[in-house]
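Asks: The primary structure of each chain is shown beneath.
2 protein chains.
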Amino acid sequence: MADKMDEKKVTPRSQDFAAWYNDLIIRAELADYSPVRGCIVFRPDGFAIWENLRDELDRRIRQTGARNAYFPLFIPQSFLKKEAEHVEGFAPEVAVVTHGGGKQLEEPLIVRPTSETIINHMFAQWIHSYRDLPLMINQWCNVVRWEMRTRPFLRTAEFLWQEGHTAHATRQEAEHETLLMLEVYRSFVEDFLAIPLIAGRKSAAERFPGAEQTYTIESLMPDGRALQCGTSHYLGQNFAKAFDIRFLDENNELQHPHQTSWGVSTRLLGAIVMSHGDDQGLRLPPSVASTQVVIVPIWRKAGETAKVLSVARDLAGKLTDAGLRVKNDEREGVTPGFKFNDWEMRGVPLRLEIGPRDVAAGEVVAARRDIPGPPGKSKVQLAEIVTSVRAMLGQIQANLYRQAKAQVDSNTRQFDDYAQLRAQMEDEGGGGFAELYWCGNARCETRIREETRATCRAIPLNQSPDQNGRCIVCREPAAERAFFAKAY
Amino acid sequence: MADKMDEKKVTPRSQDFAAWYNDLIIRAELADYSPVRGCIVFRPDGFAIWENLRDELDRRIRQTGARNAYFPLFIPQSFLKKEAEHVEGFAPEVAVVTHGGGKQLEEPLIVRPTSETIINHMFAQWIHSYRDLPLMINQWCNVVRWEMRTRPFLRTAEFLWQEGHTAHATRQEAEHETLLMLEVYRSFVEDFLAIPLIAGRKSAAERFPGAEQTYTIESLMPDGRALQCGTSHYLGQNFAKAFDIRFLDENNELQHPHQTSWGVSTRLLGAIVMSHGDDQGLRLPPSVASTQVVIVPIWRKAGETAKVLSVARDLAGKLTDAGLRVKNDEREGVTPGFKFNDWEMRGVPLRLEIGPRDVAAGEVVAARRDIPGPPGKSKVQLAEIVTSVRAMLGQIQANLYRQAKAQVDSNTRQFDDYAQLRAQMEDEGGGGFAELYWCGNARCETRIREETRATCRAIPLNQSPDQNGRCIVCREPAAERAFFAKAY
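Protein chains in written order, with numbering that gives the first Met the number 0: chain A, 0 to 487; chain B, 0 to 487.
Incorrect hints may appear among the rest.
It does not matter which identical chain is used: a pair holds within one copy or between any two.
With a straight-line Cα cutoff of 25 Å, these simulated SDA-like cross-link-like pairs (lysine to any residue) come out [stated by the list, open to error]: (1) K80 to I370; (2) K338 to Y487; (3) K376 to G439; (4) K338 to L178; (5) K240 to T445; (6) K326 to T63; (7) K240 to R324; (8) K80 to T97; (9) K81 to R446; (10) K317 to Q419; (11) K326 to R421; (12) K306 to A359; (13) K300 to R412.
For the record, the hints were derived by calculation from the structure and aren't laboratory data.
Small disclaimer: the values here were computed from a predicted structure and weren't measured.
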């Protein structure tokens, strides 16, 4: 086993970021390639991260008043066509079921790429009066988009996500919901996944097909490329009109409701791997790690084994009882050093080493995954182990965010000169976040995209505008700064 | 609103069981029909039951050592053909994707009807040595089977389920796993869903396509029809051979592992509705009810309102803090009687009524959903409310099981005479469980099925065989008794 593992080395991140990412996902057994084009298998260690993430986000979504439901996987092809922009955006990438039960279907069914159409068809049956509003539904499910280029987690033909769909009596309420969910996502990704973000709105060109306004949380990966981590859309009355959703308001007049939709996906797993990983492998935030603490019992002479193992098991029990996710690595036939490397590669936040001398002294050695080498090691009294471990996990979570934030900040630059922006974006890899004044005109945005491959990632919500701002391209007055970057 | 509800009366169960079932699901807002043939929408009140059920079963499955993972929705058509019986069983009912991203696919993809094929394809990559065994994977997902006749929850084109897939070094271990999971299902459905079961093995004719042995949990619905609630299969080495899964055993020899698969689905929601519901509506076991306790504050004069509402809210807070799922119904414009009926229809196990006199006396009236009328009502001291409510919910759970068990028992008959069996099965509806000696010969089983429409539901695991048992059809010696019934 040890031999087999040694064969499959992970490419160092510093050497080739893309190869490192792909190697690491396979080697840490987060996912595997499948025989179906563009689809991956989520292996238990990877799926457990998704489950931890999902359970916490689900709790936060429920707190806003939304309730979970489940709608059909299939959507009649005609539904997609009811909203003009929506069909234009999604028709090119749908998978189509043409046969069922051995017969050709009268109307082909598409496999949902997103569920606005079928959910709003049902909303039209359920919404009659202002008393039925707000209607706030969330769905955890699989969706399919036939993407040309796929990468594990980041872009796959099938992926898992949640999609929220709400209907409100007024524009104001719906706009408030859109921004509320953006904030739910922002705080969740920053606090729980330790990934620093910019929250803002999208330019018209980058909007969700059918939305009046799209808001986004964007992060910057260590290779200098931006990753969209979640979006929240204000849909206006577009889908309500297309699907004939109407309600009697308090004055007994028929109105179309104002709507929102919002989602995050398994792409977040890719964000975690890239934002926190290093040359040694994964580094998982304690909040989502399937194993938060690994115990490695160490013995040399046969006589020491029983005592060390007994203390290690006792320790594992105590930490598990305290609600922590713990593994006790009693594997034989591999060295402690091998185990250290293995668990570091798998990203376990905290390792507790326990040998005969530690047992005698009533302590263990704790090694933090976020601080390499001796500075990350400390002795912890067994008597205070639960308190100490909890405190250290909290510090690791905070430190992973700090490190990721420093990385993003060091790769975020303000540009006022278009030639300098082009120079920055010239290399093959990323180029970081470019913060710049943009007039808002699509022509300038297109020119930046075509000449630098950077797109408008977000126009931040909180601006402190400079009265003298001028568009980096056309030099016309510009009221807002925007973040541009090459993106995944 | 009251008027609208009154319009949609539920057909009494005693009058038309099938109509009652369909009406109730719509009226209690558990599910709705969708625009996609044979697919339903799980509305929040129905999906919450599934979520409660799923979370508890997931916990029990994990305790056996299985871990969750996720495999692709799509399966290459050629995979299905690798196991001869499997393709014969599933090919007629698959949905086929022929186009993706605007192009015809080189090889069509089927939407998974079950995942043995793709999971075992992956197992072949992951299993190399006896050290990789047992491999125990569980998946919660959607599956699609193009059924001709569909009914909400019981048989739908798309449904939700969990499917476990395991590989073991020996036949003995795999057989043990098959029976262990059957027992996990049995205790879960009996204890948590309060549905009485017969656990046994299937006849050869009723086996899962590709299995060597299929075990089942079967219940009997109040209309006298059996419902299969879950199955656990011993697959032998059939799929291991078809997908070339091999491992080096401890003697360094290549072996095929022995495998199992097992699953339960959203069909269980139908079992809950049918087993427990009555003319007044749903009756949900407290374990899975999305609302376990509803509080109905009652006031007549304006001066009473504030005090009653304040005590009701305080009560709701106290019960919620104790971990119970509580609703406080403060709706205005509908009478208390209307609210009582509404929550009875929705199956809430316990109702707490609180009026000005109750407030003054420091008590509430508790009304149990499982015992109609005055006998189900009692006064509960507010000071002891948490303890009392917990105890009553426990009693309701136990009583729902007892009532369902009495129903099944009263509809279970032993038959020794074939003419009597035929007479019993003659009416249009069910016919109950028929317990009888059967020689095990397929010819006799076919004759029963063709002449009575009853099929072999289960051959119970624990038999106390009569040496003189004779097959009800051919009168040849028969070693085992079997349960036959008309089935959903």
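Asks: Check each numbered hint from earlier against the structure, then list the numbers of those it violates in ascending order.
Replies: Violated hints: 1, 2, 3, 4, 5, 7, 9, 10, 11, 13; rest satisfied.
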